[in-house]
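Trainee: Order-wise, the sequence lines are chains A and B. Take 1 as the starting number for the first sequence in this note's numbering and just add one per residue. Take 1001 as the starting number for the second sequence in this note's numbering and just add one per residue.
Partial chain A-side listing against chain B, Cβ under 7 Å, derived:
id, residue
1, Leu-39
2, Asn-40
3, Asn-60
4, Ala-61
Since the hints were derived computationally from the structure, they do not count as laboratory data. Cβ coordinates follow ideal geometry from the N, Cα and C atoms, glycine included.
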Amino acid sequence: MKKKCAICDGLDKEFNLCEIHLKAYENLNVGYEDWVKALNNELSMNEYLNKILNLQDTGNAIREVATYLLENNTSLTQNE
Amino acid sequence: MSNTLIICEKPSAAQHIAEALNSSKEVKKGIKYGMPYFRITTKDGDAIVCSAIGHFYQIAPKYRYNRRNYPIYDLAWKPKYLVERGKDRQKKWIKAIKEFADSSDIFIDACDYDIEGSLIGYSILKYACKNSDKRARRMKYSTLTKKELSESYENSNPTLNFFLINAGICRHELDWMYGINLSVALTESVRKYSKKYFTLSTGRVQGPTLKFIINREKEILTFVPLPYWIIKVLAEINGEVFELEYEVDKLKTKSSADEVVKQSRGQTGRIENLDQKNFHLYPPTPFDITSLQIEAYKHFRFSPRQTLNISQRLYLNALISYPRTSSQKLPASIGFSAILNKLSEMLEYRNHTKKILSLNKLSPYEGKKSDPAHPAIYPTGVIPSKKLEIKDKKLFDLIIRRFLATFGENGLKQSNKISIKEADNTFYLRGSRILKKGWIEYYEPYAKFEENLLPIFSVGEGVKFVRVKIEERYTKPPVRYNPSSMVKLMEGERIGTKTTRADILDILYRREYVKEDRIIATPLAFKINEILTKYCPSITEVSFTRELEDMMSNIELGEGKKEVVIIRAIEKLKEILGNLHEKEIEIGEELFDVIGKIKLANITLNKRCPQCNSVLYIIRSKKTKKRFIGCSGNKEKKCNFSLPLPQKGTLKLLDRYCKKCGFQLIQTKIRGRKPMIACSNCFINKERKLAVKQTTA
Chain A
1 MKKKCAICDG LDKEFNLCEI HLKAYENLNV GYEDWVKALN NELSMNEYLN KILNLQDTGN
61 AIREVATYLL ENNTSLTQNE
Chain B
1001 MSNTLIICEK PSAAQHIAEA LNSSKEVKKG IKYGMPYFRI TTKDGDAIVC SAIGHFYQIA
1061 PKYRYNRRNY PIYDLAWKPK YLVERGKDRQ KKWIKAIKEF ADSSDIFIDA CDYDIEGSLI
1121 GYSILKYACK NSDKRARRMK YSTLTKKELS ESYENSNPTL NFFLINAGIC RHELDWMYGI
1181 NLSVALTESV RKYSKKYFTL STGRVQGPTL KFIINREKEI LTFVPLPYWI IKVLAEINGE
1241 VFELEYEVDK LKTKSSADEV VKQSRGQTGR IENLDQKNFH LYPPTPFDIT SLQIEAYKHF
1301 RFSPRQTLNI SQRLYLNALI SYPRTSSQKL PASIGFSAIL NKLSEMLEYR NHTKKILSLN
1361 KLSPYEGKKS DPAHPAIYPT GVIPSKKLEI KDKKLFDLII RRFLATFGEN GLKQSNKISI
1421 KEADNTFYLR GSRILKKGWI EYYEPYAKFE ENLLPIFSVG EGVKFVRVKI EERYTKPPVR
1481 YNPSSMVKLM EGERIGTKTT RADILDILYR REYVKEDRII ATPLAFKINE ILTKYCPSIT
1541 EVSFTRELED MMSNIELGEG KKEVVIIRAI EKLKEILGNL HEKEIEIGEE LFDVIGKIKL
1601 ANITLNKRCP QCNSVLYIIR SKKTKKRFIG CSGNKEKKCN FSLPLPQKGT LKLLDRYCKK
1661 CGFQLIQTKI RGRKPMIACS NCFINKERKL AVKQTTA
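With the rest of the complex left out, here is chain B:
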C-alpha cells in the first residue's frame, strides 16, 4: 500500500476533503509544527490531507538587493518567510509538509482549480515536496460536497494543469516587475527630493483604473448645468385625474415651453390612440463573481472585496460552489433536482422549489460568459449546520434566490401608452402592469417592478387639462463610480482578473488616491495620474495592459508562451522606467508639493479656535509625544486653547459636525475594532462636569 499526500489550499477545505475521502471509521486529526492535518484511509491506502494558508512561495528578486535600487528584472520563487517579515507560521508549515512528503509516494494537488490555487499547489509540490510537481495528480472540483470531492478524487487528472500554472507564474512576475519597480520609482523620487519617505504606488492595472476615476472626476469638476424645461400636465378623464407627459421630455428653450403652456392651458384634448404592448421579462442569468459583486452592492452595499470574502466563506462551508468564476452557465451534471430537493428543507424556499420541481424540464436561463474551470455560482443544497452571520445569510439568500430564478418562466409585462392630442401638441399617459410574474416570484425581494394600472379608455374620449405648468430643471453631471460599477467597468475594459479587481480598488483607497463610497479622486491621485501621463503615458493606457492580459489568457489556453510575454513586458517597462529615472527630481518635487498639502489638510480643522479665531491643528507634543488639538495662535496671541484626542489608532477629520456643540467630529480607527466617532469638545466638557461633581461631592 502506498502513502498519499493531498495538498489543499485552506485548512477548512482540507477537513472537507479528508471527511469525503476517508473510508475508515474516523478521520484522525493531528497537528504538526502548528499545522493541522488529517490522517485518513482511502481505497489506495493511507493518506495525509494537509493544507496551505495562501501562498507559501512568492516572487522575489533573485539576488540580495536594496529596495532603493531599481529596476529589478531577475526574479525567483522564494519561501514567503524569507521575503516578508512575520511569516514564521509558514516556515513551520513548510517544514511539516516536507516531512510528510519524505514518507509519501503519491502526491495530489487539491487546491482550488484556478490560477492562484494551481500556483499554490504547484509551488508546494515543487519546492517542498522534492520536485514532485511533474508526477502529482490534480483534483478538480467546484463544491466541497462529499459526492463531488469523492468523484474528483476517483477521476483526478494524471498531471497538473501547467497552462494555468504558467499563466499564474507569468502574472505574478509581471505584477511584481511593474508594481514594485514603478512604485519604488515614485517613492524614491520623493525621497531623493525631500529625504522623506512616503509610500506611493502604481501598476499596470492600477494606472489605467486610476485614470478612469480621474477622467470622471474631471468631467464632474468642469460640469456646467444647462437648463431645460418639462411640461407638467394634470388632466381629467371620466372624473379621474392623471398626470400626463408632453411628447418632448426636455424642452431646450424657455420660449418653446411657454408656447406649449399657452396653447394647452384650459383646453380639452381627445384620446387619439391606445397603444398596448406586451414584453417578455427574461430570467436573470446565474451569478458569475462580477455580477454577484454588483448585485450584492446594489442590495446590501457590500464592497466587491466583502462579497468575495463572504462568498469564499460560504464556499468553504460547502454551502455554495466555487465563487471565483466567470461562468454564467449551470451544467445539468451538478444535479438540479437534487439541489432543489435539498433546498426544500429550508422553509423559506419550499414553495418555490416545489413549483420549480413540478416543471416538465429543468433548464436554467444561462448567460453568455463561460469559464473552463468552474460553472456559475450555485447553492450546493447543503443546509447550514449553524446559524449564519447576518451578512453571510444575506448573500446566501441572494445566491439561492438567483439560482431559483434562473429556472423560472419568463415574466410578462404589459405597457400601455395613451396618446392625447390637443391642437399641435401630443401628450401621453403611460401605465404598466405585470401579467405574469414567472421568475420574479422566486427572486423577490431582489426583483421589483413598479406597476401603474390604468382604467379602460376609448379613442375619442375627452381629456380636460386641469393644470398645465412648466418646471425648470438642470442637467446633471455624470455619476461617480462606486466600487461595484468600477469592477464592472474594469471587467468590460478587460483589465485585471475576476479576483484581483477588488484588490486593486482596495489599494487605491489605502494609498489615499480615492475616498468615499461614491469614489472621489484626491489631489494626490490627480498628481500621480498627471505625472504618469506626462512621463510614461502607456502605463495609464488600457491598451497596453489589455494586450498583456490577452497574451496571458493565451498562455492559460495553451496558445502562448510566458517567456514571450515577459520579454515584451520588460521591453516596455525599461522604456517607462528610463523616462521616470531621468526626471526623478522634477517628479519628486511635484509629488512632495501635493503630499505636503495633503498632510497639512489632514491635520487642519475646519472649525476655528473659539478663543482667538486662529486655525486649529492636530498637534503631537515634542515633549510628551501625546497628540491633541491645539491653536495656531499659541505663539502670537498666547492662546492656550486645546482639546484632548484619543492616543491610540488612526485619526481622521470628518466633514461632519457635532449635533450638540457644532464642533468638527473626529474618527478614530483601531485595527480590528469598529471606528469610533467622537467630539473632542463635548468630551472635555463632560470631563470637566464630572470633575466638578466629584469635587463638590
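Just chain A, with the same shape it has in the complex:
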C-alpha cells in the first residue's frame, strides 16, 4: 500500500509528506528560527504561522503546511 502525503494526495517514501510539502516544512522550520532572531525571541510558533499566512508572497505549499499545523496542532516529520 502506497503512503500518501498528509496534506495532498502526493506519494511519499520515508516521511508522511510529499517532496514539495516536506521541503515546505523544512523551510518553515528554518524560517521560524530566522523570524525569532529578527524579532528578538518574541514570537511563538502559532504567531509565526499566522503571520506567514497573512503575507502575500508566502509560497502556496508553505500556506498548506502552516494551515495543517495550525488546524492539527501537530508536528509532521515523524514516521507513523
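With the hints as your guide, set chain B onto chain A.
Mentor: Okay, now just chain B, sitting in the frame of chain A:
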C-alpha cells in the same frame, strides 16, 4: 545558352530574387500546379526562380510502422505529403519543380543561409532535381536588396555548404528520435493503463527546459518571506527636504533598526564627504535574434515567437537583414553611409542620421557574439512601400533606432553620493544626472535613465533630521520566468538553437505544461518532470543535451561527423527508453491520475449553484451533444439550474469574474479569431429580458 533553376525558401523571397537578377524588360510570372514561379533572363541565359513553402521533405521511419510501437531508429527522408495529412499543395509544388528540373542544367540553391534553409534547398535538389545537390551552386545573402542579391548571384559558391547540411540532418534525426520515441513512450504508458489517449510529449530540449521552470516553481511554492527593516529619513538641508538612505539597506533585526531610530531621531548630522563619479554609458550592441526577442518583450510584450514571425516578415519585405542570426557584429561591407542616407528619407530618423553621418568615422559598437553565416540584424535602408501593420512598425522602429544607437558616442552619467554622519550612523543622499546623452538620444524611447538632480552642498553643512522611522518589509520570492527570460536562459545554458527556442516554449504552452505570461508550471508538468527525473534523469539534465549541441556545432564547423553523434545519441536513448518501457504501467497510472484531476479542474467552476449551492460543471449532453453549465445537484436535489455556453471553439474557465453579476467568466477560442470572454449568467439574463420585451410588444 543554358537553363538555370533557382530554388528559394519562400515565394516572396523568390520574387525579390527574380526582380534582382532579371536583365530583360520584365519578370514573367507564372503558376504551375499552383506554384508561383518567375521566368527571367540573366547574363547566363534563361532562368526559372521557384520556391518552397517550408520543408518539402522530412525525417520519417524508413519502414511502415505503427505509432504505438517504439522505439524507432531506422529513419529516412520522405516527401512531407507522404508523412503528414493535408499536404497536397506540397505534392503539387514538388511535381512542378521536378518538371522544371528536367529542362534545367544549372541549379542554384538560394534558400536562407542557415541550417534549415540549407536543408530545404538540399532536399529539394537531391530528391526533386535528379540528385543535383552535388553540382548545385549556392547563393549567400543576408538581405533581399537588389544590390546584395545581384552580388550574391555573381559570387555564388560553387558547391552547397555540406557542413551546414549535415548538421541540419543530424539535428532533425536526433530531434525526431528523441521527441517522437519519448513522447510515444509517455502517451502509450497512459493508453496502456487507462485505454485512453492523451497527447504527452518531451524531448532532449523540452525536458531540461521544463525542469528549469519546475525548479523555479518549487522555490516559489516553498518560499518563506523573512522580515527586514529599512530606515526612512527625511532631512532638511538649507531649508530643502531630502530623503536619505541608511548605510545598511536591510536591517535583519528589529532591535537594530529601533536602535538607529532612537539614536538619530531629532538629531542634526553633518555632511562628512561629497563623492562624485562619472560613468561612461556604452552604446548597446547590434541585435542578434535573442537580444531582439528580449528587447521586443520588454517594450512591447511580444513573445519570442511573435518577434521571430514579425522580423521574418520585415526581412521578406527587404526592410531588414536576415533575423535568425547570433551575430552582434556589423561589417563595414554592408555600407553604413548608404543605409544611413536611405534612412534619412524617413522624417522621424532624419535628425539622427544627419548627426551620425557628420561623425568622422562610422564605427558601430559591436558585441562579442558572431555568426559565420550572417551579420547582426540591421535595417537595409529600404523604405516600406506600404503602411506597415502596428506591430511590424513597432519592431521596425526598434531595429532602426538600435542600429542608429550603435553608432552613437558614449553617454556620460554623473553620480553623486553625499555622506552624512550623525554619531555612529552614516546616511547617504544620492543623486545622478546625464552629462552627455550620446547614443541615448538615438535610442529613445527605448533607453531611459532617471535623473535626480541635487543642489550644491559643502562639507560640514548641518543636516537636520526631520523624520526618522522604520519600515518593516519582507523578502520576495524569486521572479517567475517569462518567455523572454526563458529564451535568454536557454541560450545561456546552450540548449536549443536560436530558432527552435521559441518553438519549444510554444509546445510547453500547447501541452498545458505551463500557463500564463509569467510562466507557471501546471501539476501535469510537475508529474512529467517527476517521472522523467525518476526513471530517466539524463533527459532532464542540461549536460547531455548540451553535449549533443556541442557535437552538432562541431559538424557545422566541419570538425565532427554526424554518424558519431547519432550513434552516441542512440546509445543513450536505448538506455532511457528501456527504463520507461519497464515501468510503463506504473508511469501510466501516475500520469493518468494527474490528467484526470486536470480534466476535472478544467470543467469545474469556482462559483457554486445559486439555487442549491452544489458544484457547477461544464457538461456535454449525451442526447443533444450540446454543452452547457449544469449543476451537480441535478440528481440528488433535483436542481435544474443551467446556463448556456458557446457551442463552437475551445472553452477555458478564467480566474476572472463578471463585474455586473460576479459569475465566473469563460473564454472561447476559435482558431483565427480573437478570443471572446463572456459571462453566461449575464447572457441568459439578457436573452430572457429580450424574450419578455418581444412577448409584450
